[in-house]
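S.K.: Which chain is which? The protein sequence lines are A and B, in order. Residues in the first sequence are numbered consecutively from 1, following this note's numbering. Residues in the second sequence are numbered consecutively from 1001, following this note's numbering.
Hints are computed from structural coordinates only; laboratory data are not their basis. Be careful, since some hints might not be right.
[Said to hold, decoys possible] Computed cross-link-like contacts, DSBU-like style, restricted to lysine-lysine with a CA-CA straight-line distance of at most 30 Å:
1) B:Lys1151 to A:Lys199
2) B:Lys1244 to A:Lys298
3) B:Lys1072 to A:Lys298
4) A:Lys169 to B:Lys1029
5) B:Lys1132 to A:Lys169
6) B:Lys1072 to A:Lys199
7) B:Lys1172 to B:Lys1071
8) B:Lys1141 to B:Lys1172
9) A:Lys83 to B:Lys1146
10) A:Lys5 to B:Lys1132
11) B:Lys1141 to B:Lys1029
12) A:Lys6 to A:Lys298
13) B:Lys1172 to B:Lys1072
14) B:Lys1172 to A:Lys169
15) A:Lys5 to B:Lys1131
16) B:Lys1141 to A:Lys199
17) B:Lys1071 to A:Lys169
18) B:Lys1071 to A:Lys298
19) B:Lys1029 to A:Lys298
20) B:Lys1172 to B:Lys1146
21) A:Lys6 to B:Lys1172
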Amino acid sequence: MNSIKKHDLATLGACAVLFAIVQTLLFVDFIGPFWELNIILILINVILSVSLNLINGYTGQFSIGHAGFLAVGAYTGAIITVKLGLPFELALVVGTLSSALLGFLIGLPTLRLNGDYLAIATLGLGEIIRICILNIEYVGGASGLMGIPRFTTFAWAFWITIFVIFVIKNFKNSAPGRCCLAIRENEIAAETMGIDTTKYKVMAFTIGAGFAGTAGVLFAHYFYIAHPASFTFMRSFDILTMVVLGGLGSMTGAITGAVLLTAISAALAEYPEWRMVIYSLTLIILMINRPQGLFGSKELSLKMFGLGGSHNGRATESK
Amino acid sequence: MEELLKVNDVSMIFGGLRAVSNFTMEINKGELVGLIGPNGAGKTTAFNMLTGVYNPSEGEITFEGKLVNGKKPYQVTAMGMARTFQNIRLFSELTVIDNVKIAYNMHVQYSLAEAVCRFGRYFNEEESITKKAIELLKIFKLDRFKDEMAKNLPYGEQRRLEIARALATEPKLLLLDEPAAGMNPQETHELMEMIRWIRKEFDLSILLIEHDMSLVMGVCERLYVLEYGFCIAKGLPDEIKHNKRVIEAYLGEEVS
């Protein structure tokens, strides 16, 4: 078991090196403000896709309301710092917890549904959250909550992303995580193996929702504003696309999907008229040739290339 | 003999259909009991009531003196009853060893925090679960497939894996739903040996649903026969073999 610890430490080391490189490049202004913004956006999207992968990919519960939890995190975080004037750290914690709490409350009734019904219910819930925010004057209503200080730095975003990836990876490789996988594979058999399926579905949903909230806090505190238009169902689909593109049920897939799609989107920013065309074509071609996603449900690791080492380090290096 | 499972006058009604009517059965500790009957007799319905999938409309089921009625399947499993399925239900996209490890879940002590942060009991328990799972796989001669996806196993091995997985929950009563379905006579014979051996080795009771008469007659100590939801006969295999009602149920009435 020591080898696992060593493995984790090695991965952490690789992450630290990567962090040092990017941080230096930012410091010497080799990476300009445009790409700095996109790097932060990539990290936020990685958190979102990895947490959605926990719900959709590992537990097999098709949820498409992730933008709703993102919104809850963003607004709660902004209220903490802007309205109450409390520190950013507290905003992160409260944003995460309130989103997780909402996930828990929503999960209890909706996770009784499955397949298409659950998808429709979560889609509806995401919209309900947005419409509610739209009508609350306290947080600015339709004009959004403005004047949020920029507290999110590359360091915050990077280490929180790494933290989220580690938590979800460890969750998957533990008994509760295996229960979630069992539910995805065969719910009836899982139940007869003594697994309380509702409990584990709600657990995965709550953790996923909580981390979406974390991403929301980072998001609001980077872009100075929390606006209802940023949290429409199109945003949910964006996240879902990243997960499906990378391969449902693959952590490295979700990371790669988020990095790839955000980067493509950014690279095409100069050709706004062609952007959506190329973006859609990429997806169509990929789905025709690899309907299971880039990695299927497999994890990318250095072992694949005949090298020892870690998959997280590898995937984050591709940023 | 100690009574393990008691089914008292149980009925299952779906709308106007009585799938099982006034069924009474008891299983003692260490017994190997068979439940047989023609297609559509209500065997699987009876099974589903025992394992909590259906809640009986009438009557009472007790396991070790505790009421089973109204319990959810996972609670029934926790009480000490494990089952297999007529149509195999493995976790097909997971490895063979993970299939078994999942079944040990109930006995895992470490908390979510310990799992996520990797401290405390996590490592020791994971190690012991893996060890136990491999031992169980060895017993069923499946250890060489341990890192294979469950769906890639040959049919007979999948059946064995399902039984191994059920045993990993450490049950007192094992319920097998048509374990010989789709097996040839040779495989059925091996299965028969295995069922006998499991009972001795794991010291448990077994309830078997089966079509295959040779298997049932060869291995079961007592039999219950269902037809159209009614229990038409019970007793020793030899008695059942010569019971007029049972012969009629299986072969039809004699033309007079």
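S.K.: With reference to the structure, classify each hint as holding or not holding.
M.R.: Taking the hints in turn, this is what the structure says about them:
1. B:Lys1151 to A:Lys199: Holds, because 27 Å separates the two Cα atoms, which is no more than 30 Å.
2. B:Lys1244 to A:Lys298: Violated, at about 58 Å.
3. B:Lys1072 to A:Lys298: Violated, at roughly 33 Å.
4. A:Lys169 to B:Lys1029: violated (43 Å)
5. B:Lys1132 to A:Lys169: Holds, at roughly 23 Å.
6. B:Lys1072 to A:Lys199: Since the Cα atoms of Lys1072 of chain B and Lys199 of chain A sit roughly 13 Å apart, the hinted pair holds (cutoff 30 Å).
7. B:Lys1172 to B:Lys1071: holds (17 Å)
8. B:Lys1141 to B:Lys1172: holds (23 Å)
9. A:Lys83 to B:Lys1146: Violated. Lys83 of chain A to Lys1146 of chain B sits at ~56 Å, over the 30 Å cutoff.
10. A:Lys5 to B:Lys1132: Cα-Cα ~22 Å, so holds.
11. B:Lys1141 to B:Lys1029: holds (27 Å)
12. A:Lys6 to A:Lys298: Measuring from Cα to Cα gives roughly 22 Å; hence the hint holds.
13. B:Lys1172 to B:Lys1072: Since the Cα atoms of Lys1172 of chain B and Lys1072 of chain B sit roughly 18 Å apart, the hinted pair holds (cutoff 30 Å).
14. B:Lys1172 to A:Lys169: Violated, because 35 Å separates the two Cα atoms, which is more than 30 Å.
15. A:Lys5 to B:Lys1131: holds (19 Å)
16. B:Lys1141 to A:Lys199: violated (34 Å)
17. B:Lys1071 to A:Lys169: Outside the cut-off at roughly 33 Å; violated.
18. B:Lys1071 to A:Lys298: Violated, at roughly 37 Å.
19. B:Lys1029 to A:Lys298: Violated - the C-alpha atoms of Lys298 of chain A and Lys1029 of chain B are around 45 Å apart, more than 30 Å.
20. B:Lys1172 to B:Lys1146: holds (26 Å)
21. A:Lys6 to B:Lys1172: violated (41 Å)
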